[in-house]
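Asks: Input sequences plus hints: build the corresponding full structure.
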Amino acid sequence: MGDSQEPLLAAPMLDQYVILVTTVLLAGIGALMSLSSSSVYAQSLDLGPYYFALRQLGFLAIGGIAAFIASRMGERLLRGFGWVAYCGAVLMLILVFTPLGSDAGKGNRSWLVLGPITLQPSEFAKLAVIMVGSVYLAARREDLGQFRHLAIYLGLYGVVAVLVIAQGDLGTALIIGAVLIAQMWAFGIQKRYILGLLAAAGLVVAAAVVTTPYRMRRITLFLHPGADPDASQQPLSAIFALATGGWWGVGIGGSRQKWGGLYDGAQNDFVFAVLGEEMGLVGTLAVLLLFSLLVWAGIRVAMRSRSQFRRTLAATVTAWTAVQAMMNIGVAMKLLPVVGVPLPFISIGGSALIANLVASGILLSCARHEPAAEAYREASRRSGPPRVTTVVDGSHRD
Numbered sequence: 009m010g011d012s013q014e015p016l017l018a019a020p021m022l023d024q025y026v027i028l029v030t031t032v033l034l035a036g037i038g039a040l041m042s043l044s045s046s047s048v049y050a051q052s053l054d055l056g057p058y059y060f061a062l063r064q065l066g067f068l069a070i071g072g073i074a075a076f077i078a079s080r081m082g083e084r085l086l087r088g089f090g091w092v093a094y095c096g097a098v099l100m101l102i103l104v105f106t107p108l109g110s111d112a113g114k115g116n117r118s119w120l121v122l123g124p125i126t127l128q129p130s131e132f133a134k135l136a137v138i139m140v141g142s143v144y145l146a147a148r149r150e151d152l153g154q155f156r157h158l159a160i161y162l163g164l165y166g167v168v169a170v171l172v173i174a175q176g177d178l179g180t181a182l183i184i185g186a187v188l189i190a191q192m193w194a195f196g197i198q199k200r201y202i203l204g205l206l207a208a209a210g211l212v213v214a215a216a217v218v219t220t221p222y223r224m225r226r227i228t229l230f231l232h233p234g235a236d237p238d239a240s241q242q243p244l245s246a247i248f249a250l251a252t253g254g255w256w257g258v259g260i261g262g263s264r265q266k267w268g269g270l271y272d273g274a275q276n277d278f279v280f281a282v283l284g285e286e287m288g289l290v291g292t293l294a295v296l297l298l299f300s301l302l303v304w305a306g307i308r309v310a311m312r313s314r315s316q317f318r319r320t321l322a323a324t325v326t327a328w329t330a331v332q333a334m335m336n337i338g339v340a341m342k343l344l345p346v347v348g349v350p351l352p353f354i355s356i357g358g359s360a361l362i363a364n365l366v367a368s369g370i371l372l373s374c375a376r377h378e379p380a381a382e383a384y385r386e387a388s389r390r391s392g393p394p395r396v397t398t399v400v401d402g403s404h405r406d
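Residues in the sequence shown are numbered from 9 upward in steps of one, following my numbering.
In short, the hints are calculated from the structure, not lab data.
Everything numeric in this text was worked out from a predicted model, so none of it was measured.
Some clues are possibly wrong.
[To be verified] Calculated cross-link-like contacts (lysine to aspartate or glutamate; reagent style DMTMM-like; alpha-carbon spacing at most 25 Å): (1) Lys342 / Asp272; (2) Lys342 / Glu150; (3) Lys199 / Glu150; (4) Lys114 / Asp54.
Replies: See the structure below:
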């Protein structure tokens with residue numbers, strides 16, 4: 009059995025195909041769920057039932073084009089784009105504190121309103137800081153033993169994290185912190201620095217929770233949901249939704265919890281619960297399998313990359329997708345307190361969707377430059393199309 013599987017696992021284009029197919033399927037499920045999960049909430053705002061779904065399809069088209077462009081970028085372009093994206097993301101995060109910023113009715117001042125366009129800069133900042141961190145680490149590999157260079161690297165993340173926390177978005181700050189730890193570990197930075205950073209981050213998070221009443225309330229409700237059933241309505245409704253779904257679900261569009269219990273959370277923080285109610289255990293397992301395959305392929309790309317930059321970039325992008333998916337699903341399953349992070353590719357939100365698709369495009373770019381994939385393409389170019397030869401009969405005829 010092992011011998012029959014080996015050729016498939018050793019196929020030079022396997023990682024590219026897995027990344028492409030899983031991304032397309034997850035984005036397709038996201039497009040389907042955007043219609044089902046958001047229709048009730050859209051009508052409660054006196055909008056058409058297809059309002060958010062049509063917007064999401066538009067963002068999907070933009071993100072698909074951006075992902076294709078990213079997948080064709082070489083290392084030099086990716087390095088340059090990383091710095092441009094970082095500077096742009098920091099600028100947008102700062103502009104959120106100007107009159108252009110908005111809380112979009114969510115409580116956190118995390119949105120940037122540019123005329124008819126509303127962006128969430130923190131979603132782009134996640135990818136930007138991953139890219140610029142990979143650029144810096146690859147360029148300073150021999151200098152990171154000196155604390156000064158390590159401090160500059162941590163400062164790149166610190167600027168973004170401070171701006172995000174100042175907006176009141178602790179969930180995104182946790183994602184950025186997890187991504188930083190994953191990137192340091194993937195690059196091989198000394199464990200004492202990683203452990204020290206974890207301890208410092210734990211103190212910061214604890215302080216941010218203790219000093220903010222609504223965050224403390226979330227922790228209290230997570231531990232004792234019966235203390236305030238009204239405030240615990242969304243997490244409890246998510247559990248009811250998953251339980252109602254059974255094996256096969258109640259059918260697409262048939263969710264009952266999105267009509268009241270989940271309210272606005274049905275389309276983002278608790279979209280996995282709506283998916284479980286409508287598609288059942290089979291649907292949730294299929295989504296988990298797709299995420300697992302995407303993460304598996306991303307790890308393979310990181311391990312097979314010859315370039316230190318691509319190796320670090322692929323590993324960190326993969327870690328970001330995995331951590332964010334686990335946090336969102338953990339909240340929906342009431343394994344974690346509500347932290348307010350979207351489910352990659354599936355939750356409603358144009359900024360998040362575009363950033364996730366570009367990240368998959370970057371993974372594809374890294375996969376295209378695996379040694380086996382490059383050798384395969386080179387061999388294909390050399391062989392070219394089959395040549396037509398003519399057989400000439402050299403015998404003489406009388």
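Asks: Against the 25 Å threshold, does the CA-CA distance of Lys199 and Glu150 hold or violate the hint?
Replies: holds (17 Å)
Asks: Are the Cα atoms of Lys114 and Asp54 separated by 25 Å or less?
Replies: The hint holds at about 18 Å.
Asks: When you check the alpha-carbon spacing of Lys342 and Glu150, does it fall within 25 Å?
Replies: Answer violated: Lys342 to Glu150 is near 44 Å, above 25 Å.
Asks: Keeping to a limit of 25 Å between CA atoms, is the pair of Lys342 and Asp272 held or broken?
Replies: Cα-Cα ~17 Å, so holds.
In summary, the one numbered hint that this structure violates is 2.
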